[in-house]
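Asker: Turn these sequences into a full structure, and let the hints guide you.
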Amino acid sequence: MTEKQLDLVTYVAAVLIIVGCFAPMTDLTVLGKQSLYDVAEIPAYIIMASAAASVGLIFLGMRALTLFAAIGGWIGLLIPRFNSWRTDQKQNFFDKAEGIASDPMGYMAGDIFTHLNALEWGGYCLFAGLILLTVRSIAKKS
Numbered sequence: 001m002t003e004k005q006l007d008l009v010t011y012v013a014a015v016l017i018i019v020g021c022f023a024p025m026t027d028l029t030v031l032g033k034q035s036l037y038d039v040a041e042i043p044a045y046i047i048m049a050s051a052a053a054s055v056g057l058i059f060l061g062m063r064a065l066t067l068f069a070a071i072g073g074w075i076g077l078l079i080p081r082f083n084s085w086r087t088d089q090k091q092n093f094f095d096k097a098e099g100i101a102s103d104p105m106g107y108m109a110g111d112i113f114t115h116l117n118a119l120e121w122g123g124y125c126l127f128a129g130l131i132l133l134t135v136r137s138i139a140k141k142s
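Residue 16 in UniProt numbering sits at position 16 of the sequence shown, and the numbers go up by one each step.
What the hints contain is simulated information worked out from the structure, not anything from laboratory work.
Keep in mind the model is a prediction, meaning the values are calculated, not measured.
Hints may contain errors.
Simulated DEER-style distance windows between Cβ atoms [stated by the list, open to error]:
1. Leu67 <-> Thr2: 17 to 25 Å
2. Phe68 <-> Met1: 15 to 23 Å
3. Leu31 <-> Ala64: 35 to 43 Å
4. Leu31 <-> Ala128: 21 to 29 Å
5. Gly56 <-> Leu31: 32 to 40 Å
6. Lys140 <-> Phe82: 26 to 34 Å
7. Asp27 <-> Gln5: 29 to 37 Å
8. Thr2 <-> Ile42: 32 to 40 Å
9. Glu120 <-> Ala52: 20 to 28 Å
Backbone N, C-alpha and C fix where the C-beta goes; we use that ideal spot for every residue, glycine too.
Answerer: Below, the structure written as structure tokens:
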């Protein structure tokens, strides 16, 4: 692919990521459709900043550094899962049940990778954008 085509892939990926952060990601029975921004604000900001950074790096002519922006997006997506794993190891059954009851949104954000069959269209946009950004950052121009 040419450099222009790779840049276009980055722009499309960034738009998909940002739309995916605000679009409905999953449907919770009691709470209804929730986006990543509704559930986990800080990781959503990290993911969107990574997408914007990838576009900024292209404008600055530093295309080789877009891999770090892609890695930042994946890390932002994994932050709720890391928090969930950390708290799951320290709690017994009743503490876990209390945590789920008091913060169902945080619990859902942590379990997003284990419930991929329950994704709404926003989740697909987010994952497609992150995958596109990762593939683009690894691809070489011809």
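Asker: All the hints need checking, so say for each whether the structure fits it.
Answerer: Taking the hints in turn, this is what the structure says about them:
1. Leu67 <-> Thr2: 17 to 25 Å: Given a distance of about 19 Å, which is inside 17 to 25 Å, the answer is holds.
2. Phe68 <-> Met1: 15 to 23 Å: 20 Å, holds
3. Leu31 <-> Ala64: 35 to 43 Å: The hint (35 to 43 Å, Cβ to Cβ) holds, given that Leu31 and Ala64 are roughly 42 Å apart.
4. Leu31 <-> Ala128: 21 to 29 Å: 25 Å, holds
5. Gly56 <-> Leu31: 32 to 40 Å: 35 Å, holds
6. Lys140 <-> Phe82: 26 to 34 Å: For Phe82 against Lys140, whose Cβ atoms are near 32 Å apart, the range 26 to 34 Å holds.
7. Asp27 <-> Gln5: 29 to 37 Å: The hint (29 to 37 Å, Cβ to Cβ) holds, given that Asp27 and Gln5 are roughly 36 Å apart.
8. Thr2 <-> Ile42: 32 to 40 Å: Distance hint for Thr2, Ile42 holds at roughly 37 Å.
9. Glu120 <-> Ala52: 20 to 28 Å: Holds, since Glu120 and Ala52 (Cβ atoms, about 23 Å apart) stay within the stated range.
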